[in-house]
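Visitor: What follows is the residue order along each chain.
There are 2 protein chains.
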Amino acid sequence: MYDFSEFSKYAENPIEEEDVVAERLEAHGKKVLKLNRGDPAVYFPTMKYMIDAYVRALREGNTRYSDPMGIKPLREAVASRYRRMYNTEAEADDVVITNGVSEALMFINSVLVNRNDKAVFFRPYYPLYIPDLKINGGNPIIERYSEERNWDIDTDSLERALKKDLKSRKRLKYLVITNPNNPTGTVLEPSALKELIEIAKNHGMVLISDEIYDEITFNGARYTSVSKLAEGIPHIILNGASKDFDATGFRIGFAIIPGKDSVSKEMKRRIAEYAKLRLCVNTPAQYAVAEGINNVAEHNKGIRKLVAEIEKRINFAAKRINESRYMEAVQPRGAYYLFPKLDMRSLRFKDDREFVDRLLKEKSVQITRGSGFGEPGYVRIVGLPPKDILETALNRIEEFCKVHSR
Amino acid sequence: MYDFSEFSKYAENPIEEEDVVAERLEAHGKKVLKLNRGDPAVYFPTMKYMIDAYVRALREGNTRYSDPMGIKPLREAVASRYRRMYNTEAEADDVVITNGVSEALMFINSVLVNRNDKAVFFRPYYPLYIPDLKINGGNPIIERYSEERNWDIDTDSLERALKKDLKSRKRLKYLVITNPNNPTGTVLEPSALKELIEIAKNHGMVLISDEIYDEITFNGARYTSVSKLAEGIPHIILNGASKDFDATGFRIGFAIIPGKDSVSKEMKRRIAEYAKLRLCVNTPAQYAVAEGINNVAEHNKGIRKLVAEIEKRINFAAKRINESRYMEAVQPRGAYYLFPKLDMRSLRFKDDREFVDRLLKEKSVQITRGSGFGEPGYVRIVGLPPKDILETALNRIEEFCKVHSR
Numbered sequence: 134m135y136d137f138s139e140f141s142k143y144a145e146n147p148i149e150e151e152d153v154v155a156e157r158l159e160a161h162g163k164k165v166l167k168l169n170r171g172d173p174a175v176y177f178p179t180m181k182y183m184i185d186a187y188v189r190a191l192r193e194g195n196t197r198y199s200d201p202m203g204i205k206p207l208r209e210a211v212a213s214r215y216r217r218m219y220n221t222e223a224e225a226d227d228v229v230i231t232n233g234v235s236e237a238l239m240f241i242n243s244v245l246v247n248r249n250d251k252a253v254f255f256r257p258y259y260p261l262y263i264p265d266l267k268i269n270g271g272n273p274i275i276e277r278y279s280e281e282r283n284w285d286i287d288t289d290s291l292e293r294a295l296k297k298d299l300k301s302r303k304r305l306k307y308l309v310i311t312n313p314n315n316p317t318g319t320v321l322e323p324s325a326l327k328e329l330i331e332i333a334k335n336h337g338m339v340l341i342s343d344e345i346y347d348e349i350t351f352n353g354a355r356y357t358s359v360s361k362l363a364e365g366i367p368h369i370i371l372n373g374a375s376k377d378f379d380a381t382g383f384r385i386g387f388a389i390i391p392g393k394d395s396v397s398k399e400m401k402r403r404i405a406e407y408a409k410l411r412l413c414v415n416t417p418a419q420y421a422v423a424e425g426i427n428n429v430a431e432h433n434k435g436i437r438k439l440v441a442e443i444e445k446r447i448n449f450a451a452k453r454i455n456e457s458r459y460m461e462a463v464q465p466r467g468a469y470y471l472f473p474k475l476d477m478r479s480l481r482f483k484d485d486r487e488f489v490d491r492l493l494k495e496k497s498v499q500i501t502r503g504s505g506f507g508e509p510g511y512v513r514i515v516g517l518p519p520k521d522i523l524e525t526a527l528n529r530i531e532e533f534c535k536v537h538s539r
Numbered sequence: 134m135y136d137f138s139e140f141s142k143y144a145e146n147p148i149e150e151e152d153v154v155a156e157r158l159e160a161h162g163k164k165v166l167k168l169n170r171g172d173p174a175v176y177f178p179t180m181k182y183m184i185d186a187y188v189r190a191l192r193e194g195n196t197r198y199s200d201p202m203g204i205k206p207l208r209e210a211v212a213s214r215y216r217r218m219y220n221t222e223a224e225a226d227d228v229v230i231t232n233g234v235s236e237a238l239m240f241i242n243s244v245l246v247n248r249n250d251k252a253v254f255f256r257p258y259y260p261l262y263i264p265d266l267k268i269n270g271g272n273p274i275i276e277r278y279s280e281e282r283n284w285d286i287d288t289d290s291l292e293r294a295l296k297k298d299l300k301s302r303k304r305l306k307y308l309v310i311t312n313p314n315n316p317t318g319t320v321l322e323p324s325a326l327k328e329l330i331e332i333a334k335n336h337g338m339v340l341i342s343d344e345i346y347d348e349i350t351f352n353g354a355r356y357t358s359v360s361k362l363a364e365g366i367p368h369i370i371l372n373g374a375s376k377d378f379d380a381t382g383f384r385i386g387f388a389i390i391p392g393k394d395s396v397s398k399e400m401k402r403r404i405a406e407y408a409k410l411r412l413c414v415n416t417p418a419q420y421a422v423a424e425g426i427n428n429v430a431e432h433n434k435g436i437r438k439l440v441a442e443i444e445k446r447i448n449f450a451a452k453r454i455n456e457s458r459y460m461e462a463v464q465p466r467g468a469y470y471l472f473p474k475l476d477m478r479s480l481r482f483k484d485d486r487e488f489v490d491r492l493l494k495e496k497s498v499q500i501t502r503g504s505g506f507g508e509p510g511y512v513r514i515v516g517l518p519p520k521d522i523l524e525t526a527l528n529r530i531e532e533f534c535k536v537h538s539r
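Going line by line, the protein sequences match chains A and B.
Sequential numbering from 134 applies to the first sequence in our numbering.
Sequential numbering from 134 applies to the second sequence in our numbering.
Calculated directly from the structure, the hints in this document are not laboratory data.
None of the values given here were measured: they were computed from a predicted structure.
Some hints could be false.
One copy or two, it doesn't matter: identical chains are merged, so the pair holds either way.
To be verified - Below, in silico cross-link-like pairs of lysine-lysine (DSBU-like), each with a Cα-Cα straight-line distance of 30 angstroms or less:
{"hint": "1", "residue 1": "Lys-142", "residue 2": "Lys-334"}
{"hint": "2", "residue 1": "Lys-300", "residue 2": "Lys-142"}
{"hint": "3", "residue 1": "Lys-205", "residue 2": "Lys-496"}
{"hint": "4", "residue 1": "Lys-393", "residue 2": "Lys-445"}
{"hint": "5", "residue 1": "Lys-535", "residue 2": "Lys-496"}
{"hint": "6", "residue 1": "Lys-398", "residue 2": "Lys-142"}
{"hint": "7", "residue 1": "Lys-520", "residue 2": "Lys-535"}
{"hint": "8", "residue 1": "Lys-393", "residue 2": "Lys-434"}
{"hint": "9", "residue 1": "Lys-483", "residue 2": "Lys-434"}
{"hint": "10", "residue 1": "Lys-267", "residue 2": "Lys-398"}
{"hint": "11", "residue 1": "Lys-267", "residue 2": "Lys-474"}
{"hint": "12", "residue 1": "Lys-398", "residue 2": "Lys-494"}
{"hint": "13", "residue 1": "Lys-142", "residue 2": "Lys-393"}
{"hint": "14", "residue 1": "Lys-535", "residue 2": "Lys-164"}
{"hint": "15", "residue 1": "Lys-361", "residue 2": "Lys-494"}
{"hint": "16", "residue 1": "Lys-181", "residue 2": "Lys-205"}
{"hint": "17", "residue 1": "Lys-494", "residue 2": "Lys-163"}
{"hint": "18", "residue 1": "Lys-251", "residue 2": "Lys-164"}
{"hint": "19", "residue 1": "Lys-205", "residue 2": "Lys-164"}
{"hint": "20", "residue 1": "Lys-494", "residue 2": "Lys-297"}
{"hint": "21", "residue 1": "Lys-483", "residue 2": "Lys-267"}
{"hint": "22", "residue 1": "Lys-142", "residue 2": "Lys-205"}
{"hint": "23", "residue 1": "Lys-205", "residue 2": "Lys-163"}
{"hint": "24", "residue 1": "Lys-445", "residue 2": "Lys-494"}
{"hint": "25", "residue 1": "Lys-334", "residue 2": "Lys-494"}
{"hint": "26", "residue 1": "Lys-142", "residue 2": "Lys-267"}
{"hint": "27", "residue 1": "Lys-474", "residue 2": "Lys-398"}
{"hint": "28", "residue 1": "Lys-520", "residue 2": "Lys-164"}
{"hint": "29", "residue 1": "Lys-494", "residue 2": "Lys-205"}
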């Protein structure tokens, strides 16, 4: 018998778990409506000025290894973006360029987590946070956002939970927030962010803020990055080119560690060593993203159009969902997902997993089960496709619910 | 006190450890001759037909997420390359596309290694193998290649070592070979490969063959991939676009797991789950490499010229090194490194680390210490630069040795 790694069994991604079924359907000539992956580049072409910069880098011979931490122009662009937009005290040296935020999360967990260490998340959570912790031997402490308060954070409840479990205190490593939130679309208020910072500080946790959707807010939301508020406590800001810059396939993520405290410095040093183990990130893509950030005028033109379109689609989908008697969703104010609660009592399914699996097989609509986000009885629907596709998909979901209602 | 992960202290890359010193020198106007990183794209432009394919993918809008395992055309291209070149029974489904071989190594270690597990390496080894194991809690068993026999493998000695340590047997996870070898330039004979396969089989180890330099052989070497010989035992073949396709900055690696046995299948399944955790590899680069492989005529034209040039440069450097009274190197037959032994008795340095550090500071020549490869008293010199640069660098090393000789 060959013993595989004990923790490797925790690696899983619920967003893609039905891909094999979808592929089989497509092989049989079905057209699957894929509302599972949040990929803007499928519906909105990446902006031409970024493609041009990418092509230029290739033609100029930038096909060689680059600095493991990322090329200087991109690190500087990322830092200056945070200085410009959020008044953050970030410098190029505080930035690590990664293969998407996913790789940054892997590095962070590898560097911070020993077996049986703990980290704090709120559910519904982005599904990959948990396996990234568990494959390093850590265990999650999972609090719940308050659905009654539009999925806002309930810091009192978190405080109580942490106080109850005082012997874990030494093992508390970090606290993650996703702002704007995937899957709920919540945009956190400065007051909530300040309370979280206080909690992270009091419990000696590193605060990790995943801000990958920070420019994708709408319905009047005003976005606050935690970066300015968190100055003075160890924290990591995560962001990247995938969402704001509509370039998922480039795989360019950023981790910003601006703290001058000893924990921040040591995190940065250890993450740099991990970065060296994989040599570097795709070099020409980094030049494309540097131009993507630095050409503010072009970017702003693009992101405004993109967000206006997303707002329309999301609001259309939210309205349709809330007209259904089988589902109910909080109105999102950021990102591009709908996270409706299913009325499971009126539906003849064992759970949300069965719902999603049968929906795909019967109606060729692929969405993701809420239990993958820590919320059984919910589903996540990507609101990026054009209105006619969203409409078709939501009509099919409605028919599907009707057929399977009690 | 914040406790960082116990194992994260093992992350280190000796090839880049002097980069900060080199940067400082350059900031002071010095021109550093960098013979530390094995990057062909610095000296030989990546072929135009691959750049064209990359640009085409970008212009056609292939900027979105792709399959976590890699795009089908590239997986098929990699499999067909192994079928064509080595008669390997590999199919597209056996191939995982990774962010360079480095990421494949991280996945493999994450999937195979529990705390205190063991893996077998030969020294001098590629420096990143060891941290990739140790950050997962594993411990290396390190045998030595036989320098007397041109750094060939001494399987008898390995057998003896494994027999002596029978209680480790259950913990033996894998055995790695690098063929052609970095840093020694050795190309293994089929007889040695067969013996290694036998040993891996007898001890229940997965055989990992890093073949990233498989098309870069010269001086009459005949290359044999282990892939055909290893059929029937669990094994993983590693390769990628960096060296044979002269595209280091693309970060495209391949792991091929063709076995139909249960260990191979389970490895493949678990590695696929890790691949999903980082969503995908840079999408347009995958199209470029698919074309790179599939356009065999163009590729062959390019690789022949590249290897002919490398052969000249390596042989020139080897000759100069062996004319020195301070160094002696085995003649390489593959890859593009020289790995001379320093005559430490005649030099006034504590160790190879001091040698390398002082050489950089005094002569602006950056090379890598042999102890980073498990061989104190040696250095690794990259033989890729044009003859005049190699000559200047070797002259400076010679002067440096003279000044510091006893």
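Visitor: Within, between, both or neither: how does the pair Lys-535, Lys-164 come out at a Cα-Cα threshold of 30 angstroms?
Guide: within (22 angstroms within a copy, 73 angstroms between copies)
Visitor: At most 30 angstroms between alpha carbons: which applies to Lys-494 and Lys-297, within, between, both or neither?
Guide: neither (45 angstroms within a copy, 57 angstroms between copies)
Visitor: At most 30 angstroms between alpha carbons: which applies to Lys-361 and Lys-494, within, between, both or neither?
Guide: The answer is neither: 47 angstroms in one copy and 40 angstroms across copies each exceed 30 angstroms.
Visitor: At most 30 angstroms between CA atoms: does that hold for Lys-398 and Lys-142 within a copy, between copies, both, or neither?
Guide: between (32 angstroms within a copy, 14 angstroms between copies)
Visitor: Taking 30 angstroms as the upper bound on the Cα-Cα distance, should Lys-267 and Lys-398 be classified as within, between, both, or neither?
Guide: both (25 angstroms within a copy, 23 angstroms between copies)
Visitor: Should Lys-142 paired with Lys-267 be assigned to within, between, both, or neither, using CA atoms and 30 angstroms as the limit?
Guide: Both. Shortest intra-copy (9 angstroms) and inter-copy (20 angstroms) distances satisfy the 30 angstroms Cα cut-off.
Visitor: Check Lys-445 against Lys-494 for me: Cα-Cα at most 30 angstroms, and say if that holds within a copy, between copies, both or neither.
Guide: This pair counts as within: shortest intra-copy Cα distance 29 angstroms, inter-copy 61 angstroms.
Visitor: Is it within, between, both or neither when you check Lys-142 against Lys-205 at 30 angstroms Cα-Cα?
Guide: between (38 angstroms within a copy, 26 angstroms between copies)
Visitor: Quick one: Lys-205 to Lys-496, C-alpha cut-off 30 angstroms, is that within a copy, between copies, both, or neither?
Guide: between (49 angstroms within a copy, 26 angstroms between copies)
Visitor: Under a CA distance limit of 30 angstroms, which applies to Lys-520 and Lys-535: within one copy, between copies, both, or neither?
Guide: Classified as within; 22 angstroms inside a copy, 76 angstroms across copies.
Visitor: When Cα atoms must be at most 30 angstroms apart, do Lys-205 and Lys-163 count as within-copy, between-copy, both, or neither?
Guide: Intra 47 angstroms, inter 19 angstroms, cutoff 30 angstroms: inter-copy only.
Visitor: For Lys-205 vs Lys-164, is the C-alpha pair at or below 30 angstroms within one copy, between two copies, both, or neither?
Guide: between (44 angstroms within a copy, 19 angstroms between copies)
Taken one by one, the earlier hints fail for this structure at numbers 4, 8, 9, 15, 18, 20, 25 and 27, listed in ascending order.
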